[in-house]
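Whenever a hint applies, use it, and build me the whole structure from the sequences.
Given next are the chains, with one letter for each unit.
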Amino acid sequence: MTDPVGTPALSDSPYGNLPPGDPRLLKDAPLEVAICEVRFTGPGNAIPAEAVTRIRDALASALGIEFPNIQIATQGTMQINFSVGASNWAGDQIQGWQIASADGKHSATIFPGTLIWQVGAYRRWSESMRQPIEVLLGALEGELRPELVQRVGLRYVDRFVDPDRTTPGSWAGRIDSTLLGALSNPTFGQKVAGAQQMIQIYLDESRSGVLRHGPIPDPATGSINYLLDLDVSANESVAFELKSILTTAERLNRTSLSLFQACVHPDYLKTMQQEEVDD
Amino acid sequence: MAMTAAMPVSRSRTPRIRQTPVHWDPPAPEPVATPVGLDFASRAFIDALEGFNVAFGSDWTQELVRIVRRADSLAPDFATSVYIDGLVRVVTVGDSIDLDSLVGGADGSHPLRVFDSLRSELGVTQKDLFTATGVKHRTYHSWKSKPAGSRTRRESVGRLFHLADSVADIREALGNVDLAAWLRASDVRYEALLEGRFDDLVDLAWAIPKPSGRSVGTSSRVGIASEVDLPIIRSTEVPRTSRAKQSVHR
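Residue numbers (this note's numbering), protein chains in the order written: chain Z, 1 to 279; chain P, 280 to 529.
Don't read these hints as lab results, they were simulated from the structure. Heads up, some of the hints might be wrong.
Claimed, not checked - Pulled a few chain Z residues facing chain P out of the computed Cβ check, cut under 7 Å:
#1 Glu-32
#2 Ile-35
#3 Val-119
#4 Arg-159
#5 Arg-212
#6 Asp-218
#7 Ala-220
#8 Ser-223
The C-beta atom is built at its ideal place from N, Cα and C for all residues, glycine as well.
Here it is as structure tokens:
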């Protein structure tokens, strides 16, 4: 594995003093979906339709992707209580918009306090995430005048698929042994039919990660997939400043990369890597 | 209005009893998840992700769920929570929204179907089920006469869905036991049903002793170290040894 050249700048380094990841892109990457969420507060309320079409046009122009679909989206927040005789709920609703490409692989969901960018055809950080997030946040800054950022979250969900993996234990040598845990048990490891684990990772006072992972049956092929769901976030209230948000998101990306590579067996990772470097 | 509700999931796991320590520090807040949209995801991916949601199901009493729904979607768009649990109502975009009047079963069933299904499974008379659930006789017949898909007022279903939820817990506790026979085998159980004490019924299924001073109709958590085998002695039931179990109902 080639080490990254030089020492990464602070803005390019993972949180939590994690080691920098190998920036080489993966061929046949197992990534199913990548999502970035930014939550913010400000005086803006409803987003008018004209504004969302302007945002859509800016996005399409920057990415070279058509976004023919704009739909109203309603976010209902419901708190459900089953502890008393009958269920009851309390909740509220806010209205926003969803801008989506024709194939649904790229979508932006915008509420007065939230931006969610989701990509199902991820190529590289700069192109698939950073650029659209920058366009969207820049547009929202003009329309809504947000004042504070409350949370920046980045989630990568990888699904490793190999038709030859027909038992959970057969992922040994591909997924790092520290994650496989009980699958390696000499007594019952081969008898394990399923296993899921959720790990909370402390990076620093305001940044953390959640790793969910485990073998998952794939009924279509009769094989066992392996799911690696990595969600890292910065949860602190800071002034809404575009460059700062992008730096946070980028460092979360580097953090995710470091964690992802720590989850995969080094030899297996090598087989997936190509020479081209992510940026 | 086309409605979809997430299924409450019956998990095959031994519940655990939480013990509140003497010096109690508030638990660390649950991590907030970055939402993931499933609208255009493959079936295999959706199944895989929702399998994880089942595995990491919550046993919190209350849970905040955020769902975004598109009019042309057949599945919830986003799930903010790491897990989804309990009865959930998904609102369809584009319809006039009156959440207060929305009720539905775990699988989107009309209360009529839930009522009839419970009656069949529990082997009780219609009259007894009216008593247990607080559903009025005339309400039931109005359901039968209304067209399919019509809305039902939340107040009219009484404790029906609480019972449905409890029956799911009881089923999990008892496994393949005939629920009707189990219910009939003990006056204590049948009385709990008729009196609407569904939490007590669930406790009976899990064979958890009732703490003194507990008010009727509510369940509480009993502190026992989870790793300790102990005999659970009940006044009327056959004693059996089991691992500490959680008071199931939330």
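Now the hints, each set against the structure:
About 5 Å separates the beta-carbon of Glu-32(Z) from the nearest beta-carbon of chain P, less than 7 Å, and the hint is met. The restraint placing Ile-35(Z) at the interface with chain P holds, with a minimum CB-CB distance near 5 Å, inside the 7 Å limit. With 7 Å as the threshold, the beta carbon of Val-119(Z) stays out of range of chain P, its nearest partner Cβ sitting at about 10 Å, so the hint is violated. Checking Arg-159(Z) against chain P: minimum C-beta separation of about 6 Å stays under 7 Å; hint holds.
Hint status for Arg-212(Z): holds, given a least beta-carbon distance of 6 Å to chain P, under 7 Å. Taken as an interface hint, Asp-218(Z) checks out: its beta carbon lies about 6 Å from the nearest beta carbon of chain P, inside 7 Å. A least Cβ separation of about 6 Å between Ala-220(Z) and chain P falls short of the 7 Å threshold, and the interface hint therefore holds. A hinted interface residue such as Ser-223(Z) counts as satisfied when its beta carbon comes closer than 7 Å to some beta carbon of chain P; here the least separation is about 10 Å, so the hint is violated.
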